[in-house]
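Full structure from sequences and hints, please.
So in the working numbering, spot 149 of the sequence shown is number 175, and the numbers just go up one at a time.
None of these hints come from the bench; they were simulated from the model.
One thing to keep in mind: the hints can contain errors.
[What the hints assert, rightly or not] For lysine to any residue, the following SDA-like pairs were computed, each having C-alpha atoms within a straight-line distance of at most 20 angstroms:
#	residue 1	residue 2
1	Lys212	Arg187
2	Lys212	Gln228
3	Lys212	Val230
4	Lys232	Ala207
[As the list claims (entries may be wrong)] Computed beta-carbon distance windows for the label pairs:
#	residue 1	residue 2	range
5	Pro169	Val233	18 to 24 angstroms
6	Thr49	Gly236	19 to 25 angstroms
7	Arg208	Arg79	33 to 39 angstroms
8	Ala91	Ala222	26 to 32 angstroms
9	Thr64	Gln149	31 to 37 angstroms
10	Pro94	Arg61	37 to 43 angstroms
No experiment lies behind these values; they were computed from the predicted model shown.
Just so you know, even glycine gets a beta-carbon here, dropped at the ideal spot from N, CA and C.
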Amino acid sequence: MAQSPNRGRFITLEGIEGAGKSTVARLVSEWLTSRGLTSRVTREPGGTPLAERVRKIVLDRGDEAVSPRAETLLMFAARSIHVENLIRPALARGEWVICDRFTDASRAYQGYGRGMDLAWIEQLAGAVHGDLQPDCTLLLDLPVEVGLERARGRSGVAADRFEAEAAEFFERVRQGYLSIARAEPKRVHIIDAAAALPAVTQQVTKVLEGL
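What follows is the structure, given as structure tokens:
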């Protein structure tokens with residue numbers, strides 16, 4: 027489908043826990059603002075009031091089990107709400123949307139991490155957002171042990187269902203992300219997230235200038 031010349035760009039940020047996506051999201055937004063571009067920062071699962079309620083179901087460590095299949099369906103339910111109520115309208119207005127996680131997260135976490143069928147995940151992606159794909163994805167990559175140390179060191183924040191997973195789970199997720207990056211090198215740009223912030227900023231800025 028041809029894009030309107032006034033359509034904004036869709037930038038997604040991916041990576042395991044502790045990769046620094048929130049920090050990079052702010053960095054990207056500030057960079058765009060400095061160039062006179064309107065941007066909107068959002069996240070998944072969540073992004074709208076209703077989708078945030080689904081996020082709570084997915085992440086809370088309650089007494090009732092959430093199977094990998096149910097988890098995947100909940101992620102795409104939240105994504106459908108988010109896409110229709112926030113992402114598409116913002117892009118149509120010419121805004122640049124910066125999203126902390128999108129469907130690559132489902133591929134990496136539910137597909138590679140949980141073992142859900144990747145072809146089924148692609149079917150869900152096609153049904154939920156079809157022609158909408160990120161213009162650019164920044165994959166913030168770092169060793170699992172570094173990411174978990176950062177994530178679990180956040181003061182006053184209890185671990186959610188994902189953060190409580192074992193390192194082996196996150197290693198599968200990380201390798202899944204790297205597989206996605208190898209398959210789509212033009213869209214997915216690997217950022218060394220273990221580097222100091224100035225170095226991360228330099229890497230991200232280089233990618234943005236290419237857009």
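Structure-inconsistent hints, enumerated in ascending order
1 and 8
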